[in-house]
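Q: Residues per chain, in single letters:
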Amino acid sequence: MWKTILRRVLIMIPEIIILSILVFLLAKAMPGDPFTGSINPKADPAQLHHLMKINGLYDPWYQQYWNWVVHLFHGNLGNSYQYQEPVTRLISSRAVNTLWLALFTTILTYCFALPMGLYAAKHEGKLPDSIIRVYTYVTYCIPFFVILVIGVWIFGYVLGWFPTTGSISSTANPGIQSIGSRFYHILLPGVLGALFGTVNVVQYLRSEVIDAKRSDYVRTARSKGVPEKDIYKHHIFRNSLLPIAAFAGYSITGLLNGSLFTETVFSYPGMGLLFINSISYRDYTVITALVLIYGILNLLGTLLSDIILSIVDPRIRIE
Amino acid sequence: MGSSTQFLNIKDVSTAFKINGKYYDAISHINLEVHHDEILAIVGESGCGKSTLATTIMGLHDPAETKITGEVDFEGTNLLKLDEAGYNKFRGAKIGMIFQDPLSALNPLKRIEEQISEVMTYHTNFTAEQKHKRVLELLDQVGIVNPERTARQFPHELSGGMRQRVIIAIAIACKPDLIIADEPTTALDVTIQAQILDVLRDIQKENHAGIILITHDLGVVAETADRVAVMYAGQIVEEGTAEQIFNTPKHPYTRSLLRSMPQRDNENDDLYVIQGNIPSLQRMPHDGDRFAPRIPWVKDSEHEAEPTMHDIGDNHKVRCTCYKNFEFPDETGSVKL
Chain U
1 MWKTILRRVL
11 IMIPEIIILS
21 ILVFLLAKAM
31 PGDPFTGSIN
41 PKADPAQLHH
51 LMKINGLYDP
61 WYQQYWNWVV
71 HLFHGNLGNS
81 YQYQEPVTRL
91 ISSRAVNTLW
101 LALFTTILTY
111 CFALPMGLYA
121 AKHEGKLPDS
131 IIRVYTYVTY
141 CIPFFVILVI
151 GVWIFGYVLG
161 WFPTTGSISS
171 TANPGIQSIG
181 SRFYHILLPG
191 VLGALFGTVN
201 VVQYLRSEVI
211 DAKRSDYVRT
221 ARSKGVPEKD
231 IYKHHIFRNS
241 LLPIAAFAGY
251 SITGLLNGSL
261 FTETVFSYPG
271 MGLLFINSIS
281 YRDYTVITAL
291 VLIYGILNLL
301 GTLLSDIILS
311 IVDPRIRIE
Chain H
1001 MGSSTQFLNI
1011 KDVSTAFKIN
1021 GKYYDAISHI
1031 NLEVHHDEIL
1041 AIVGESGCGK
1051 STLATTIMGL
1061 HDPAETKITG
1071 EVDFEGTNLL
1081 KLDEAGYNKF
1091 RGAKIGMIFQ
1101 DPLSALNPLK
1111 RIEEQISEVM
1121 TYHTNFTAEQ
1131 KHKRVLELLD
1141 QVGIVNPERT
1151 ARQFPHELSG
1161 GMRQRVIIAI
1171 AIACKPDLII
1181 ADEPTTALDV
1191 TIQAQILDVL
1201 RDIQKENHAG
1211 IILITHDLGV
1221 VAETADRVAV
1231 MYAGQIVEEG
1241 TAEQIFNTPK
1251 HPYTRSLLRS
1261 MPQRDNENDD
1271 LYVIQGNIPS
1281 LQRMPHDGDR
1291 FAPRIPWVKD
1301 SEHEAEPTMH
1311 DIGDNHKVRC
1321 TCYKNFEFPD
1331 ETGSVKL
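Listed in order, the protein sequences are those of chains U and H. Those letters in the first sequence? Residues 1 to 319, by the numbering used here. Those letters in the second sequence? Residues 1001 to 1337, by the numbering used here.
One chain only, chain H, in its complex shape (with noise of 0.2 Å):
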């Protein structure tokens, strides 16, 4: 681990698609770090680009339609100047990636134990013997009753929560120091999605790993995030730990969303519906405030010309000015809560 626990520096990074021979930014001037035995949650409403962040990550997109810059140094190496073969090097072995859809992510002609040790035959010297005694150990880790069974079946005989687990046993078939799970519990009900969060837990006290949990569910935030970073519109907003974000929200889109949450006591009231929508690539603006159309109400002067991230002690940050004067428009006098 080192001295410092820090292993995955994010710096600076953007992500243009190609759309009618234009790039259009999906995610700009990205800038995060995660450490090692930290759960991050990066939270957003769809379109944001937290699902574009994993995948430049893990370098999923196809080079001739999308062009990357910034730096994603990951225990000293830029993940972003490495060749195919250099990149799957990390992939799978030191990087482990669950789905948002179990029913999809799995080969539908392949036998879970081939799933899971395909992982193993491109990053480990085992043998057939090895590879399945550890496909069983991973099975059992993940919460499956009867891994013998389990290992011999093929997905569309399991259900979606054993699916997930399977998605996360070949993440974590290699230990890797980074689990980058997108949307993990989205297709999945509500007692499942408690269970899958406990085993994500355990096997990151386990192996001492880091985990970017990203999710648009603030319930899924709250239960298990150590530090969060919120995203709109391609950028990071704000960006704390989970107390920090839940209890003192700066930015008025976090400030939003969690007013949009429902809540148990006032269950009879509407939900705070934030206006209009979220930019699309093509009308994304470029300076100024990116949300400031959804909060017509804030003054012009308010918000920064170019805003920029404003650290307001103990690692909180937060983006543009406008967080300083922020209130709802019925909230002016008396709070409505």
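Next up, chain U with everything else stripped away, as it sits in the complex (with noise of 0.2 Å):
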């Protein structure tokens, strides 16, 4: 198993290289310079040439590719023009938040959905089976930032039992209360982030469940008289989880993507607020920044998914 684990992150060292230089040539196809904003609009042209030259940006790109990396490495992504700080700090504090808000959706959302998805595909059919099926339906024909603006509407404004902004309190006290104030921030936005999560996992869980019960392999174990409450334990629950486990590292993914809405609609102070704010700022090296980091958080996700896959399914693994 932990040759198949390490092909794999091998495979991923090109996929960064590539998309690293994606990111560079992108943000270097962007219009215009770093300087020309930021000096005298009536200092000589020769001046600026002379900064540019200094700066490196007439070398060839892979020369600058290669010191962009090297400061990559160091840690050092250049600073914000926006907020005139370096982009790794700026980052490296609005991820936090994003981390906990999605930390705290994907607990919520396979909580919520495992139990409804194994009880759906148990009671096939069924009324059970049938309100969980509508309510799946209705969830995923509605636009994400649609639920969420009714869900900040209802619970945010009508009945005030949720704060609608900020990641915190700004009369908390250090300590406990910070912690709980965060939390109470986070409720609601994580609620509706998992409502709408739940959906495909319900799906998956409940066709998985589905097929499982009707394979060859439980009507095997039927035959050895294994009573039905293990026939579920032991045959149909694990089978029906890989997929879903697989699910797990890319709804990493979906996550980013929804901290764009979630944080926009909550003016959450996360990564998803600060990518759609560096866009209506031109703010370019926040931007490559983030989209450098999305990416390679896609990449630890399919990574994630994979090696979750070659743990729980031995057919994957490559001996």
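You may find that some hints are simply not true.
[Stated by the list, open to error] In silico lysine to any residue, SDA-like type, Cα no more than 25 Å apart, as pairs:
#1 1131(H) with 1018(H)
#2 213(U) with 1205(H)
#3 1067(H) with 124(U)
#4 1110(H) with 238(U)
#5 233(U) with 1062(H)
#6 229(U) with 1126(H)
#7 1131(H) with 232(U)
#8 53(U) with 64(U)
#9 213(U) with 1158(H)
#10 213(U) with 1055(H)
#11 3(U) with 1110(H)
#12 233(U) with 1065(H)
#13 1022(H) with 64(U)
#14 233(U) with 1064(H)
#15 1011(H) with 1110(H)
#16 1018(H) with 3(U)
#17 1110(H) with 1137(H)
#18 1018(H) with 1045(H)
#19 126(U) with 1018(H)
#20 1081(H) with 20(U)
#21 213(U) with 1113(H)
#22 126(U) with 1022(H)
#23 213(U) with 1154(H)
#24 122(U) with 1113(H)
#25 126(U) with 1011(H)
[Said to hold, decoys possible] Here are some, though not all, of the chain U residues that point toward chain H, as calculated from beta-carbon distances under 7 Å:
#26 220
#27 223
#28 224
#29 306
#30 314
No lab work stands behind these hints: they were computed from the structure. Backbone N, C-alpha and C define an ideal beta-carbon position, used for all residues, glycine too.
Dock chain to chain to rebuild the complex, using the hints, since each chain is given by itself in its own frame.
A: Below, the structure is given as structure tokens:
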């Protein structure tokens, strides 16, 4: 199994290199230069050329790329034009917020989805199954931001149960109170995100369980005299969780996409909101860094999926 | 074993499936006996209800979707009256089942050892060590060369023949009195087929088990069976010893089946083809001889209105009276074979 994982990690290296070249070249292709806006417009163009030259901007692209990569490894992604602080510091403070929200949403999603999917499949065709199916279809049909806006409106403004902006109350004292306040702030976006995220997992799990129920190996288990309860426990459930496990890694991608919406609607200071704002301010260094981070996270998500699969499914391991 | 060796008595069993809210018989009024130390073959073409009979005995039908009547008397217990927990005391312990497709009948995520010892978990008080010993013993018995190694493997690492051996090992783990083998060799190539049939025969001798062998392969039947029941459209049309069925077949369906088998001597001749198709469940005729539409040259007066089984001596039974004057159209006058 370690061989499979090692091989999979090795494959990732060229992927990351290609990704970084693409991101770098896209940034280079953007119009303008880093100095025109920040020096005296009446300055001598020769001076600008001099600045460009000493900063290495006339070097061939591969040399510039190499310098960028070296800086990258030293944790230097440049400065944000908008916030006038190092991009790494800017992103890392936001990343923590996004991480908590994403983690909370993921846990909630699976807490909702696993029992729902299993229950629906077990009582296939009966009333609870129909209710769960209607729920998934309806939720799937509504755009995510509409769910968010309606959620904020009802629970935030009309009922006033939850805060609608920020990640922590400004009056919260450090310690237990600040943790409580943070949790209070991610509760509503987390639940709404989870309601949306469950849809896929429920549908996948339901159809997997129904397939497994009718599979030949379950019939074999029945003919062994295994009680129904144990058939679910030992045969159906574990086998049906395979694709769900694979899905878990990919769901990181979904969460990142989702965080763009959630953080914007809730003005939650995470990476998603930073990304949206940076685009509207044309804050190139931040955009480049975030695209790179999102790209790497996506790769890590698929890596995670493959590792989970190789752990749970013996057929995938390479001997 | 008792005084009589008969231990399974299927009496007037019908199984109906629910299709669009209505029930249709997949098998109707089946009467069969199985004895210790015998292989009873059930033959017939696809869709004639062979597998339904097997799964009915095993109680593998969803009660919400099926209606089963009659009695399956297994050593004095009517299996059809049992609840799920009661049935589980028989399944795996006293009745073992071997399935058609060895590629999908094993759980892909469990090691072979786990899949075999699972049966013992529910039917014996064996310790882990005893179970392990028995697993190796069983794998050896079904002809697996390296039991230690195979026990640790996953199904996808084994060939089709080896998987079928593993399935047989599962079926015989608790030394059942009855083994139901549903097309055990259909998915395997011919050399493996012969080996698997040998394994089945050896086990039967060793355990004094009765085997119900379900197949559409008359070659397999000729090789292994002691008694044969021929099924058509959910009914048994002829029943007798293997010699009776192969040497003096009576029912037109049995004779058609035998005639449609390739013969070594006349390989240039076209094979006999039975006209028409087996009727679907919804179109099954309720009275008259169900095989009549496929032998249209036989006059209606030859058939019984309500065909029953007739004992024509030595326990050779045939349904309907149409067998008496039956001849194939090209046979009138001279026999061309």
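Q: CA of residue 233(U) to CA of residue 1065(H), is that 25 Å or under?
A: Since the Cα atoms of residue 233(U) and residue 1065(H) sit roughly 24 Å apart, the hinted pair holds (cutoff 25 Å).
Q: Does residue 1110(H) sit within 25 Å of residue 1011(H), going by the straight-line distance between their CA atoms?
A: Answer violated: residue 1011(H) to residue 1110(H) is near 38 Å, above 25 Å.
Q: Would you check whether residue 314(U) satisfies its interface hint, that is, whether its CB is within less than 7 Å of any CB in chain H?
A: Holds, because the Cβ-Cβ distance from residue 314(U) to chain H comes to roughly 5 Å (cut-off 7 Å).
Q: Are residue 1110(H) and residue 238(U) close enough, with their CA atoms no more than 25 Å apart?
A: 10 Å, holds
Q: Holds or violated: residue 229(U) with residue 1126(H), Cα cutoff 25 Å?
A: Roughly 22 Å between the alpha carbons, so the hint for residue 229(U) and residue 1126(H) holds.
Q: Does the alpha-carbon distance linking residue 213(U) and residue 1055(H) stay inside the 25 Å limit?
A: Holds, at roughly 16 Å.
Q: Does residue 1110(H) lie within 25 Å of residue 3(U) when you go C-alpha to C-alpha?
A: 21 Å, holds
Q: Are the Cα positions of residue 213(U) and residue 1158(H) separated by 25 Å at most?
A: 24 Å, holds
Q: Does residue 126(U) pair with residue 1018(H) here, judged by a C-alpha cut-off of 25 Å?
A: Answer holds: residue 126(U) to residue 1018(H) is near 17 Å, not above 25 Å.
Q: What's the verdict on residue 1110(H) and residue 1137(H), does the C-alpha distance respect the 25 Å limit or exceed it?
A: 19 Å, holds
Q: Would the hint linking residue 122(U) and residue 1113(H) be met if the CA-CA limit is 25 Å?
A: 28 Å, violated
Q: Does residue 1113(H) lie within 25 Å of residue 213(U) when you go C-alpha to C-alpha?
A: With Cα atoms ~22 Å apart, residue 213(U) and residue 1113(H) stay inside 25 Å; holds.
The structure fails to meet hints 1, 2, 13, 15, 16, 20, 24, 25 and 29 from the earlier list, while all remaining hints are met.
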